[in-house]
Amino acid sequence: MNKLNIGVLSLQGAVREHIQMIENSGAHGVSIKKPHELSKIDALIIPGGESTVIGKLMAKYGFDDAIKELYKDGMPIYGTCAGLILLAQKVVGGNKYTLGLMNIEVRRNAFGRQKESFEADLEIPGIGKNPFTGIFIRAPWIELIGKDVHVMAKFKGKIVMAQEGRLLVTAFHPELTGDKRIHDYFIEMVKKS
Amino acid sequence: MVKRGTIKVKAGLAEMLKGGVIMDVTNAEQAKIADEAGAVAVMALERVPADIRAAGGVARMADPLIIEEIMKAVSIPVMAKVRIGHFVEAQILESLGVDYIDESEVLTPADEANHVDKFDFTVPFVCGATNLGEALRRIGEGAAMIRTKGEAGTGNVVEAVRHMRTITGEVGWLKSLKKEELMSAAKKLQAPYELVCEVARTGKLSVVNFSAGGIATPADAALMMQLGADGVFVGSGIFKSKNPEARAKAIVEATTHFNDPEVLAEVSKGIGEAMAGLEISEIEKEKLIQHRGW
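Respectively, the protein sequence lines represent chains A and B. Reminder that position 43 of the first sequence reads as 43 in our numbering, one-by-one numbering, no gaps. Plus 1000 on top of the position in the second sequence (first one is 1) and you've got our numbering.
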């Protein structure tokens, strides 16, 4: 079987790490800088970075309509941190550049500024028994979820990982850990879709 | 257990800034312009380097009031500068809650032998470097991000290029060495042996490396990205130009599409005059900022 092509939106942020993790999970990582390059991929990762910057560049280069269209046609998308914010239907405090695909309401920088950033072990039953090291950097959390959203992990009562159909989001950064279980999980989602 | 201030968390923020532009701002109004233009973070300081250079005298940490106003004005990370070795200025910035501290040669050094012990802080530090040895000494002191120094406040990219090429060249040289040659290399670079071994093995710095000091145009930013920078700092280049909004936006796009000459041509059109530049050879040697830091 040919390797799956997983795109990483490469406008700004932690692109390299996601591509490495995708390769570790046995798929082919593709850097996506222009909307026409989306046609080559089976799924998309929107990485961590500054959601305002990625959002503005997405709008400027016409990514928003292209991604929404491909999502409608069945493309799975995984968003980490800034990517989570950009997939949300509603952002507390506003962010006019979201794609608005996932039925969640999120709060930006909810865990605080950088000095409050942290790492902590998370229980994520959906990916296995062993805890997963969550790295939270000026991280958001999910405040409200729609009825079809499945909560995959919480930290101190706050939702930090969720799935809705072919959309997956984490408030933390698996790409900074070397633990590929969440990328494996996403690639399984892609195979099933 | 929740762990704060770990190297993963500190270096992680720098990873998230990659491919972005960090802009110098001196007040809340400029911070908003930078944010609107797509800055990935802002650097709060009292005067941009070109003005520091012109004014002379002692340059210090900015007024905490201004830093707080900037923090309130934008939702992106806010960085601020402390003098080299001035750990009390760093303590103050940490208590304000800034997201990154730049221990910067642009300000007047407070200690001519020692830098701040950056492991002592929860907030991460970025430090300047002109070569690999200097970069590894800073990482050895706990810096979670490096920026090549260039020559701040000149609008002249030549020193930024020199420092980036120097570091890339030295990394390549380390990679080519045999294991038994690394101690001698560490001695030559005046860098911690363990870090030298790590660079030789991985072929890169263990933290993100941005370019700074002299970037004034979209083409300058793209040049530094093509030379291997993970992102760019623009100091005087934006707010000393004729049209800061347009130039800031153009530099952001040029940093993203650094490999695409068509985009670079498009964004470089009609953005007004760049800041006036300085020829490095016309600056007296003792007024060069890049030599501060040890």
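Check each hint, because a few of them may be wrong.
[Unchecked claim] Here's a subset of chain A near chain B, in silico, CB distances under 8 Å, partners left out:
1) N24
2) G26
3) V30
4) L38
5) Q114
6) K115
7) L144
8) I145
Everything labelled a hint here was simulated from the structure, so no lab data went into it. For each residue, glycine too, the CB sits at the ideal point set by N, CA and C.
Checked hints:
| no. | hint | result |
| --- | --- | --- |
| 1 | N24 | violated (16 Å) |
| 2 | G26 | violated (23 Å) |
| 3 | V30 | violated (15 Å) |
| 4 | L38 | violated (16 Å) |
| 5 | Q114 | holds (4 Å) |
| 6 | K115 | holds (5 Å) |
| 7 | L144 | violated (20 Å) |
| 8 | I145 | violated (23 Å) |
Of the numbered hints listed earlier, those contradicted by the structure are 1, 2, 3, 4, 7, 8.
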